[in-house]
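Novice: Starting from the structure of chain Y, add chain Z where the hints point.
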Amino acid sequence: MEYYLQLIINGLVVGSIYSLVALGFVIIYKATKVVNFAQGELVMVGAYMCFSLTVQFQIPFLLAFVMTLGFSVILGMAIERMILRPLIGEPIISVIMVTVGLSSVLKALVQMFWGTQLRAYPPVLPQEPVFIAGLPISPVYIAAFVLSVVLFAIFSAFFKYSSVGIAMRATAQDQQAAQSMGIGIKNIFALSWCIAAVVSSIGGVILGNINGINSQLGHLGLKVFPAVILGGLDSLLGAALGGLIIGVLENIGDGLAKDILGLGGFREVAAFVILVLILMIRPYGLFGTEEIERV
Amino acid sequence: MSNGKCGLFFETYRGEAQLLPSAFQKWSLGLFMVVLLGAPYMLDSYMVSVLNLVNIAVIGAVSLNLLTGYCGQISLGHGAFIGVGAYATAKFTALGVPFLLALPLGGAVAAVVGMIFGIPSLRLKGIYLAIATLAAQLILEYVFLHWESATGGSSGVAVDSPEIFGFIFDTDEKMFYLTLAVAVVAVLAVSNMVRTRQGRAFVAIRDYYLSAEIVGVNLFTTKLQAFGVSSFLAGVSGGLWAYYTMYITPEQFNIGLSISYLAMIIIGGMGSVQGAIFGAIFITLLPEFLNITASALGDIFPDVSTYLLAMKEGIFGLVLVLFLIFEPEGLAHRWRLVKAYWKLYPFAH
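Respectively, the protein sequence lines represent chains Y and Z. Residues in the first sequence are numbered from 1 upward in steps of one, following my numbering. Residues in the second sequence are numbered from 1 upward in steps of one, following my numbering.
Bear in mind the hints are in silico, worked out from the structure with no lab data behind them. Accuracy of the hints is not assured; some may be wrong.
These stretches of chain Z come out as covered by chain Y in the derived footprint (C-beta under 8 Å, 3 or more residues) [unchecked claim]: (1) 114-125; (2) 128-135; (3) 260-269; (4) 322-334.
Capping the alpha-carbon separation at 30 Å, the derived lysine-lysine pairs in DSS-like fashion look like this [as the list claims (entries may be wrong)]: (5) Lys91(Z) / Lys258(Y); (6) Lys125(Z) / Lys33(Y); (7) Lys91(Z) / Lys186(Y); (8) Lys160(Y) / Lys33(Y).
Label pairs and their calculated CB-CB ranges [said to hold, decoys possible]: (9) Trp335(Z) / Ser180(Y): 16 to 24 Å; (10) Leu29(Z) / Val55(Y): 58 to 66 Å; (11) Tyr41(Z) / Leu256(Y): 56 to 64 Å; (12) Gly115(Y) / Val97(Z): 43 to 51 Å; (13) Ala17(Z) / Gly115(Y): 53 to 61 Å; (14) Phe220(Z) / Phe131(Y): 50 to 58 Å.
Quick reminder that beta carbons are idealized off the backbone N, C-alpha and C, glycines included.
So that you can see chain Y by itself, here it is in the shape it has in the complex:
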């Protein structure tokens, strides 16, 4: 029993990072209807940037973290301006493939600058585990969870109350109507990429603190798909919950597969088996907008 409790807690921690990455994904999809296959690579770039600033340039962690966020803003804007904007109005496969191409460019750049070996972050938080309900939990895990909850709250409030957030929702709903009300759509697009890059790099830094980083980190981006499909492609709450649920289910599925079926490494596909099931039953997810088509 304790084993499964541990699995659930680990799942929640990993899931909270999925949630962060999914949040970036949903923000881009909500505002621009672009499906970003390079989300995982944005995580990786953020993680390496912060690593490089703290370890190679010896900048204090907090300052380096802030600088990483600044860099992500520029990166997000550059990607939107140079790659996505020329493709406005192109078929969906072109937009998907351009982000796929982007992901291999980002991956190659990271490999060129930092190589492929595993790099460890210097310890930022205390290493001694904290005991919650008798289970040892590393402070990094708690920080990851708290941080993603806080970020989720901030973004929810941002979309609900700030004028920019409302403008973004308006753009998502009807681009032409939003434009005729004086909303600069291009700025909204750029902003959504910035936010996505920022939340992804926060996820990257947290991950770096937990496991260290290597150039395979971008693979994490694929795990975003089950999370956002479960939650609904255009729902922030869905992204947050979807990430947590997928994180937990994946861990429990892995545990069960190992115990009962004796299958190793089921963690890698558990989320995708769940994904197929969701797509068969409820493709628009728990909170997504249901597109109804009638003839």
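Specialist: The following block gives chain Z in isolation, referenced to the frame of chain Y:
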């Protein structure tokens, strides 16, 4: 009439439906085939092996173009379907099934698997289907790696050279004729298929599924047929790949393969058989070109070559991005423009 000087003027419906309407096209294609048939005698073994890869890629790209380019069903799992064909063919060969039977059987297994993963396509469109096929890719990759009794797990399986009535295709040159023959059959089959009633139904679904349904196309069976035919050819391509490399492992059929096939049809031109061929040639030759550039530059700047080789995947991505931004219609479209330019020269229209 058909000298191509100022256009083609058809007088019969048959004439218009021809694959090669002008005599010039027939002659140039014939000449091209003669050059191809003579290629193994003129090129060294390495170049012939590259041509083999091109032939195998052409089959895969043409099959994906049938599904994605003509029928509009995005598949991010094509690499895995190719893998299913490769493993199935390897298994049949190991069981002693002769090549001529094992290759289509491998294709049939791939077709079944492709159709199973195509079932959700009735309810899913666009991005959802892309993600569903992505799931198919990752699940099949897991199966390749963990179903050890059938696939040999991470250590892979060895495959014997193909043999037809005692003739063993054991060199690159011999394999070249085999892969070329299969590629020609595949290209002809797809070219003809898209001219049939069935092919037009595919295009109707791609253009607008509701209109297609209204004019009497059964969406579910037609989409499943597209998945089936496409996966069958993908499986054949995978089977040839297995015979050619003689050793298959799960990582050969990872998501990168799916993406490079999608890149082929995008760079070549969606919804065009010719485009798929162009794309397959382009993407297969790209690494060779990079190798040559790297070794040429390596004499001058020793560091460049190591970087350039490490950047291979990145350059692939960059090429894809640049094509999508600057040449979204693909090479086939550019080829048509070039031909039109020379036809109309010196006038602009």
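Novice: Each hint needs a verdict: does it hold in this structure or not?
Specialist: Results of checking the hints against the structure:
Beta-carbon proximity to chain Y at under 8 Å applies to 3 residues in the stretch 114-125 of chain Z; the threshold of 3 is reached and the given coverage holds. Note: the stretch 128-135 of chain Z has 6 residues with beta-carbon separation from chain Y under 8 Å; the three-residue rule is met and the coverage holds. Using a Cβ-Cβ cut-off of 8 Å, 3 residues of the stretch 260-269 of chain Z lie near chain Y, which meets the minimum of three, so the contact claim holds. Requiring three or more residues with a Cβ within less than 8 Å of a Cβ of chain Y, the coverage given for the stretch 322-334 of chain Z holds, as 3 such residues are present.
Using a Cα cut-off of 30 Å, the hinted pair Lys91(Z) and Lys258(Y) holds, with the two alpha carbons roughly 28 Å apart. Proposed proximity of Lys125(Z) and Lys33(Y) is supported: the alpha carbons are some 14 Å apart, at most 30 Å. Restraint check: the Cα-Cα separation between Lys91(Z) and Lys186(Y) comes to about 54 Å, which exceeds 30 Å; the hinted pair is violated. Proposed proximity of Lys160(Y) and Lys33(Y) is supported: the alpha carbons are some 19 Å apart, at most 30 Å.
Here the CB-CB span from Trp335(Z) to Ser180(Y) is close to 41 Å, at odds with the stated 16 to 24 Å. With their beta carbons about 60 Å apart, Leu29(Z) and Val55(Y) fall inside the hinted range of 58 to 66 Å. One distance hint, 56 to 64 Å for the beta-carbon pair Tyr41(Z) and Leu256(Y), holds here, with the actual separation near 60 Å. Distance hint for Gly115(Y) and Val97(Z): a CB-CB separation of about 46 Å, consistent with the stated range 43 to 51 Å.
Our hint of 53 to 61 Å for Ala17(Z) and Gly115(Y) holds, since their Cβ atoms are close to 57 Å apart. For the hinted restraint 50 to 58 Å between Phe220(Z) and Phe131(Y), the CB-CB distance of approximately 56 Å keeps it satisfied.
Of the numbered hints given earlier, the model fails hints 7, 9; all others are met.
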